[in-house]
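K.L.:
If you read the protein sequences in the order shown, they are chains A and B.
Residue 164 in the working numbering sits at position 139 of the first sequence, and the numbers go up by one each step.
Residue 392 in the working numbering sits at position 221 of the second sequence, and the numbers go up by one each step.
The set of hints was computed from the structure by calculation and includes no laboratory data.
Among the clues, some could well be false.
Said to hold, decoys possible - Restraint-style ranges between C-beta atoms, simulated for each label pair:
(1) A:Leu324 with B:Ala299: 34 to 44 Å
(2) A:Ala37 with B:Ala199: 51 to 61 Å
(3) A:Pro233 with B:Ala466: 30 to 40 Å
(4) B:Thr390 with A:Arg34: 41 to 51 Å
(5) A:Arg111 with B:Pro459: 50 to 60 Å
(6) B:Leu318 with A:Ser263: 19 to 29 Å
(7) A:Cys234 with B:Asp382: 23 to 33 Å
(8) B:Thr315 with A:Ser263: 19 to 29 Å
Quantities reported herein were computed from a predicted structural model and do not represent experimental measurements.
By construction, the Cβ of each residue, glycine as well, lies at the ideal position given by its N, Cα and C atoms.
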Amino acid sequence: MEYARLLARRLAVSAGLLVLATSLAWLFARAAPGADADAFGQATSAAASTADRAQAGMDTPVVAGLAGWWRSALRLDFGRSIRFQRPVGPLVAERAANSALLASVALLLGMGAGLPLGVVSASRRDWRRLAIRIASVLLLSLSPLILAILLSWLMVRVSPGGSVGGDGVAGGNAWRVLLVPVASLALPLAATFERIQSRALRRVAGEPCLGAALLRGIPESRVRWRHAWRLSASSVASVGGVIAGAVLSGALAVEVVTAWPGLGRLTFEALTARDAPLVAGCALATAVMVSLGALCADLVSAWADPRLRGRR
Amino acid sequence: MSRGGVVLGVMLALLALAAPWLRVHDPATVHRDHVLAPPMRVHVRDAEGHWRWPFVRRLVVTDRLSRTYEEDATGTRPLVGATSRATADVPWFPLGTDALGRDVWSRLVTGARLSLGIAALAALGALALGIVAGGVAGFAGGLTDSLVMRACELVLILPGLYVVLALRSALPLVLAPMALFTAVSAVLAIAGTPQVARAVRAVAATERDRDYVMAARATGRHPLAIFLRHVLPAARETVVAQALLLVPAFVLAEATLSFMGLGFDAATPSWGTALQDAANVRAIAEYPWVLAPAAAIALTVLSLTLMADGRDIPPAGDRL
Chain A
26 MEYARLLARR LAVSAGLLVL ATSLAWLFAR AAPGADADAF GQATSAAAST
76 ADRAQAGMDT PVVAGLAGWW RSALRLDFGR SIRFQRPVGP LVAERAANSA
126 LLASVALLLG MGAGLPLGVV SASRRDWRRL AIRIASVLLL SLSPLILAIL
176 LSWLMVRVSP GGSVGGDGVA GGNAWRVLLV PVASLALPLA ATFERIQSRA
226 LRRVAGEPCL GAALLRGIPE SRVRWRHAWR LSASSVASVG GVIAGAVLSG
276 ALAVEVVTAW PGLGRLTFEA LTARDAPLVA GCALATAVMV SLGALCADLV
326 SAWADPRLRG RR
Chain B
172 MSRGGVVLGV MLALLALAAP WLRVHDPATV HRDHVLAPPM RVHVRDAEGH
222 WRWPFVRRLV VTDRLSRTYE EDATGTRPLV GATSRATADV PWFPLGTDAL
272 GRDVWSRLVT GARLSLGIAA LAALGALALG IVAGGVAGFA GGLTDSLVMR
322 ACELVLILPG LYVVLALRSA LPLVLAPMAL FTAVSAVLAI AGTPQVARAV
372 RAVAATERDR DYVMAARATG RHPLAIFLRH VLPAARETVV AQALLLVPAF
422 VLAEATLSFM GLGFDAATPS WGTALQDAAN VRAIAEYPWV LAPAAAIALT
472 VLSLTLMADG RDIPPAGDRL
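Produce the complete structure using the sequences and hints provided.
P.N.:
What follows is the structure, encoded as structure tokens:
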């Protein structure tokens, strides 16, 4: 029950974020220069385009338009995309599912490798620490954009003719399609989590309770992996939650290079096409993902640190 | 490791500053006979086996369709000393040419000015804005503090690249290079401000209640003077750490924006626009030298990551 209060508070903050981010995105897309013109790349007739714009609430005054958008959004009707000529709801849901799949696999791999390596690199002074640090600095420098290009290149060299990324996993042969996008996302993520964990553990290393535990004769590795790690978990979670939210809402660079039909690319296309209903839909999905990341961070923090559970 | 980062960083900065002297061709010149030519081999022995100063041999197309090149032993160009009339028509491509026959090396060093320039300008902007916002919030406290910090948190929790994208797409899609340089720098600076503001605010809020600040206040010094004289120097470490985080993020952001077509147009040599060529996976399998800008970006981020790494908390030690 002590988690209920925390959950309620987080939900309230998330709702605020949702409303604000989505409304701002809608206003931005509407105010952008070129929003008065047709969405380019579309051979729509003048009449059809006027109908689209009326349907998207773009020929009404700003406040009324936004209010109208929210009224229908509450009924789960997010309007029609001007660029894709499809209802926004299913389109965003489909792309968000692709992004979430890619991100969750990459996050699991990244955290699974990064967190233990971070504990090791924080507590050793030997070759292991050096090796981990060199690897993580190199991977961080490569960044997902460049890594995606490099790995696609490698993939083509190893097995020419095969596809990289492409149509999501719908085409079957899932591992092959997932390999390059997941790897180019997971490797820098592992390096990032290694650094965060290592830093957090080094910060709590001087805590008196750990020294006391060692003096009582608890084996060093048990103190390190159970007590010190749990102490550091809440600060890892607070940064990790933001990262998880960002990755879940679409890894733009990786999605573009590997042609992964995810939320990041959709947001990009919506923004450049000045497609206000779609921009708002994407912003809503992004805000949901970000809130999910923050919620997970809160739960982990509360689990790791009982002091956070009791308070208001 | 951290010293290596500084050396690397200085070298890259010199590369950008000395670009007009380092480039061997105009970055926009199209060499129609040398489309996707490989990097030229530097020779030190001539055909008879005599040792000579480094020189390159002219590249001749053997097959236009598959773009294979062969060295022509008759046309050479010395790399040391002046080129004579006979050798001046042998063009030198240290890193090969791109899909339009433009010199990759010249575009790389010219692009360094734009890419590093944007990152540096944007980082300065973000630091300036962040110091003011964070300083005022931390120093004033109360309602100002809450308002500024809530606004910062709203931006911070959103994925950074989307904030940049949204701001960028609110501007006209096509802009002249100089206008774009300023616009992208401004967009990045705004997106980077909250992070700096939050870090500076934390320092300012603790310094505000220190005894020496109280003492300065008691002597009747102007709050602005106290801020500049006492609070700001305390935030120096934080500001440097933030700068080391911002610059690599901005180099990558510019590359991503240009790569996506929201940055510089393809004719302007920046590292991001050069990556557009590299996006064609099948092309880079055969012409890997067009990846040179990716290497430059990676080296830049590496140098700054190493510098930041050196300032980190030391390891916990063998106990634990």
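K.L.:
Could you run down the list of hints and mark each one as holding or not?
P.N.:
Hint check results:
1. A:Leu324 with B:Ala299: 34 to 44 Å: Holds, since leucine 324 of chain A and alanine 299 of chain B (Cβ atoms, about 38 Å apart) stay within the stated range.
2. A:Ala37 with B:Ala199: 51 to 61 Å: Between alanine 37 of chain A and alanine 199 of chain B, where Cβ atoms are some 56 Å apart, the hint holds.
3. A:Pro233 with B:Ala466: 30 to 40 Å: With a Cβ separation near 48 Å, proline 233 of chain A and alanine 466 of chain B fall outside 30 to 40 Å, so the hint is violated.
4. B:Thr390 with A:Arg34: 41 to 51 Å: Holds: the Cβ-Cβ distance is about 44 Å, inside 41 to 51 Å.
5. A:Arg111 with B:Pro459: 50 to 60 Å: For proline 459 of chain B against arginine 111 of chain A, whose Cβ atoms are near 40 Å apart, the range 50 to 60 Å is violated.
6. B:Leu318 with A:Ser263: 19 to 29 Å: Because 22 Å falls inside the window, the suggested range holds.
7. A:Cys234 with B:Asp382: 23 to 33 Å: Distance hint for cysteine 234 of chain A, aspartate 382 of chain B holds at roughly 31 Å.
8. B:Thr315 with A:Ser263: 19 to 29 Å: Because 25 Å falls inside the window, the suggested range holds.
Checked against the numbered hints given earlier, this structure breaks hints 3, 5; the rest are met.
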